[in-house]
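Given the structure of chain A, go ahead and fit chain B onto it with the hints provided.
Chains as they are written, first to last, in the working numbering: chain A, 1 to 656; chain B, 1 to 656.
Careful: at least some of the hints might be erroneous.
Identical copies carry no separate label here, and so any pair may be met within one copy or between two of them.
As a list, the in silico DSSO-like pairs of lysine-lysine whose alpha-carbon atoms are at most 30 Å apart [stated by the list, open to error]:
no., residue 1, residue 2
1, K376, K187
2, K255, K345
3, K442, K419
4, K187, K419
5, K157, K344
6, K113, K561
7, K187, K58
8, K67, K403
9, K106, K326
10, K157, K529
11, K81, K419
12, K517, K113
13, K344, K156
14, K222, K540
15, K71, K419
16, K58, K322
17, K561, K255
None of these hints come from the bench; they were simulated from the model.
2 protein chains.
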Amino acid sequence: MVENMSSSATRRIVIENVRPEIDGGRFPIKRVKGECVTVSADVFADGHAEIFVLLLFKRQEDREWQKVRMKSLGNDLWESKFRVEENVNYCYTVQGFIHDFDTWRKGLQKKVKSRQDVDVDLMIGVQILEAALPRVMPQHKSELKKWIALLRNSRKKEDALEAAFDSDLLYMLETYLDPRRSTVYEKELIVLVEDPRASFSSWYEFFPRSWGKKPGQHGTFKDCQQILPAIKDMGFNVIYLPPIHPIGQTKRKGKNNAVVCRKGDPGSPWAIGSKEGGHKSIHPQLGDFADFQDFVACANKLGLEVAIDLAFQCSPDHPYVKAHPKWFKWRPDGVVQYAENPPKKYEDILPLNFETDDRQNLWQELKSIVFFWIEKGVSIFRVDNPHTKPFVFWDWLIAEVKKAHPQTIFLAEAFTRPKVMYRLAKGGFTQSYTYFTWRHTKSELMEYLTELTQTEVGEFFRPNFWPNTPDILVPHLQEGGRPAFIMRVVLASMLSANFGIYGPVFELCLSKSVSDKEEYIDSEKYEIKAWDWDRPGNIKSVITTLNMIRRENPSLQQTRKIRFLDINNDQLLCFYKATEDYSNIILVAVNLNPFCTESGWLRVPIDELGLDYERPYIAHDLLNEEKYVWQGDGAYIELDPQRSMAHVIRLDHQST
Amino acid sequence: MVENMSSSATRRIVIENVRPEIDGGRFPIKRVKGECVTVSADVFADGHAEIFVLLLFKRQEDREWQKVRMKSLGNDLWESKFRVEENVNYCYTVQGFIHDFDTWRKGLQKKVKSRQDVDVDLMIGVQILEAALPRVMPQHKSELKKWIALLRNSRKKEDALEAAFDSDLLYMLETYLDPRRSTVYEKELIVLVEDPRASFSSWYEFFPRSWGKKPGQHGTFKDCQQILPAIKDMGFNVIYLPPIHPIGQTKRKGKNNAVVCRKGDPGSPWAIGSKEGGHKSIHPQLGDFADFQDFVACANKLGLEVAIDLAFQCSPDHPYVKAHPKWFKWRPDGVVQYAENPPKKYEDILPLNFETDDRQNLWQELKSIVFFWIEKGVSIFRVDNPHTKPFVFWDWLIAEVKKAHPQTIFLAEAFTRPKVMYRLAKGGFTQSYTYFTWRHTKSELMEYLTELTQTEVGEFFRPNFWPNTPDILVPHLQEGGRPAFIMRVVLASMLSANFGIYGPVFELCLSKSVSDKEEYIDSEKYEIKAWDWDRPGNIKSVITTLNMIRRENPSLQQTRKIRFLDINNDQLLCFYKATEDYSNIILVAVNLNPFCTESGWLRVPIDELGLDYERPYIAHDLLNEEKYVWQGDGAYIELDPQRSMAHVIRLDHQST
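Same shape as in the complex, but just chain A (with noise of 0.2 Å):
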């Protein structure tokens, strides 16, 4: 009670429903460098004052807050918005003042028009900007005394009115108003700030050891050499490695997951460590570390980086089985429990225990896997299975690895339950895969992609859309054939500014899968292949281009703004991108059906895109560089399988 009628008894200004504002403020939101953030909050009082509103935000390591006036919607909401121009983390927060002046200003207004005596109202004024006078910088003072004097000038009121309406006295007192009569929302709120690499980037993920100078032949890092300026040149910026370490002996998968792998048979590379080392070592048929560090030096060159594959499991062969046994379960019968999803049993992989009572040990020595690579070169890594270890382990280890290196970057493979893998994306994770793989339909998509982009979601999970993965060959690619393979790869290279395929059976259009399964026949996984990787009928010179339109057009390179559009036809579906100010806009169509052409009429929403109804403006499709002109909301579109996928059009403003 003493406190509420001393201090907060002024505080009439209630601030609530400040947005974005995740789990209470317990998580942060994210940016990159050079980003928007809009912040709104209802901000009221009591009574008929008006207010005045403040966005105040900071670099989290300042002392003082910048300032931005928030403007009403209405309703009791605000908004304003501010840019966070480093690579480190920001905060902000609201504050609200009671307004006196410009409440008094209003009434004056009102009383001037309806000609009543003013004489009182005026000396009123007086009394406001007396009592700003101590608040207001030296500077500033006299200036205010002017103002003062023409307010108290009761024999010229027409001097003293043009006073009180000045618009320059209203802004100098807005400078100045009352914090004692202010509130400041109760919560400091946090933007993660990261490398404008976390949210643009295309990424090509191949195995090496099928990369050998003959078929059959265990690749190795040098070999790999050879490929990158192929990769370069479809457009790809990261290339992202399956596990690169010792592969174990014990249970060795064989070719199609068998239980019994036969003599030759390479293993998965996830089943990690061997007498050869761990997580630290390099299988010795891939190289030695000079190999692996000559490699990342010449995709650096090439402006490709390397991710590696950050899977924490051991393979019955690893080191630390007998090192570090208290790492590990033990079953009653002595052997190390090893990965089930009963009735499956996964013998070539022991999972950690992360509860271990010398988790103290174990969890610095997994944090050291990764300043270990850092070092190496490496500062992206793709996180395998992260939802089978505890959030809280994440939430330090990225927390930790963030602290020494902030550029780093995870990508959290987490295909499981949604809230789960929100829960790491809170948690620090960079960037995400998705459920866009198994998203076909046009409601499908847009409701997907709503929920990502127009969302809270889109405030902290950083979706990367793969059409498929080792793991995953979906029905629709297994079925569509080439005209599939380019309208996924359309799609998830147009929605998302991160994306990604496992290739080269991607870009082969490669679809035997094992029956009945979403899964390769003859995995990679488990055999060294051979790729005949100009095998005609390959997409390569469509991924280029799409890659090339997603360098070009800043529209692309982010993935909130987007609005799909209204076509007729369920099998097209329409949307566009564009950049804050709508300098960059680019219109996508895409065909969902590979089997037919189909057509519609699209609804282009001329006045949203600041386009002229009465002009002609030209609609230049990037993917086969034709060119139409368009007049007018209504756009037919027909896309033939054999011909086209999709469109990727820029609108041109100017008019022709």
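Just chain B now, kept in the frame of chain A:
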């Protein structure tokens, strides 16, 4: 990090999105004694472990939690409920456990099904039970040991398996899950439990001074005792009196709000205070304290409670003005600042300055007014314009009063912006005036009721529906005549468990307004009226029936369990209300058009109501005592304003 790696490393469970939770737990939810609180939360763990989730609740003063198991609704959402049995604050939270035993049990089931060897698994089960042993209460230890022996008995594997799958064992283990491997939600959320009167009441507002012995003679409390039986007979249980304090002379308003009053004009009761006293005094023409207390006693004897008006403002003649000049704002010309909303002036009313330096004394004095009237037998306060006083003042005042007198009810008369109205309710107001008064069309009513009852608003905001007030005579009452008055009182009393009317103008269907305004002409606020209460055309009997129906049907004694029904006519509004167990179901159909007969086909939600498609059921109209035999999900509704504006139907499950 240390924190992470020691205590919370084993906290694998995440608890998010606990509902209800108002503003992150800053404000309590509200219930009355006997009501249920349904709690839901997103609860999940990493990996594939089964989890076990408890809803914890207790009276706030208790140390021990009561526990009830939450049910999985899929997609990681869990739900359960508890009942608040006493008129004290309760709190609730959620606890999730890793459920090793159930995880093991389910895995074992699958392995048995696929005929795998389970010897080792049974030993793992023994380990899990042995780990639980130290947590088990002494009286259960021997039982658990028996289970362990059964599981261990590998010679009789069938017995061991039977034991493993015995649900008694599962239930026992669930009582003793490991709290170290559980997570308790970080907040304890509060339920403000109030007296049932808070959620079900029928208010009748009248001006005592209009009930003098002869027309024009100032009525007294003694006179008013005479009309109490008739109010009681209409079925009301709260009588609300506009301010009963001495009325100021200075700037007193005349008839129809005239700026200058004529001799004998009684003034507005809201201009409180004269030389005869202020908020702790009674207007001498009404009687003295003995008369007031007699009146209250007489009302109470009839089962009526007396609500008075809490209007924290003063006439210029209020004793506070001289005794406490610091409690007001003073203009530079030495005049106390009167209320104004430029260009309008309300010179007969002075607002109090809640921000005065002397606020300690002001606030205490205002609090003492409430305690003063509580001592005189008043426990219900209708608060005038609370939104023009600081929210923190009400937060404090209501908490202070409720501490000493938990049954006190405060009704907020805040006709202002929605967020302001909601903030007052969050801060402690028991009930609130609403926009119902202006919601007239089918879509307006459905939208508003949905907001009030089906969203978070329903957790803290208790609506009180008024078709009219001394300040408000809406156009649809001005125009629609008697049928409109019936329609509006049916809506108010059936849609909301709390409702009220300002009489007798309402039941007399008086509808003369100031031209082009929503105000009564010759308003009772400024003059003494004389009423012919039995005037032909009055709707007292309809109101009497409605209040009787409300008393007899518990589904109408709550506001939130309501569902609107499909009917193919935009002038017919249909809904039903039900008790939790559907033992009482009232279906209401209202004609919103007071001028014409309207008809349509209603879709009765047979399944939801537990009715049988094949068997006829009785639709018993409680308004006119007619009974219809309905069958199936279609019912024809026809309402002729000259005969009946509404059906209020009790659905009886028994077949004919």
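- Which of the listed hints are broken here? Structure breaks hints 1, 6, 10, 16, 17.
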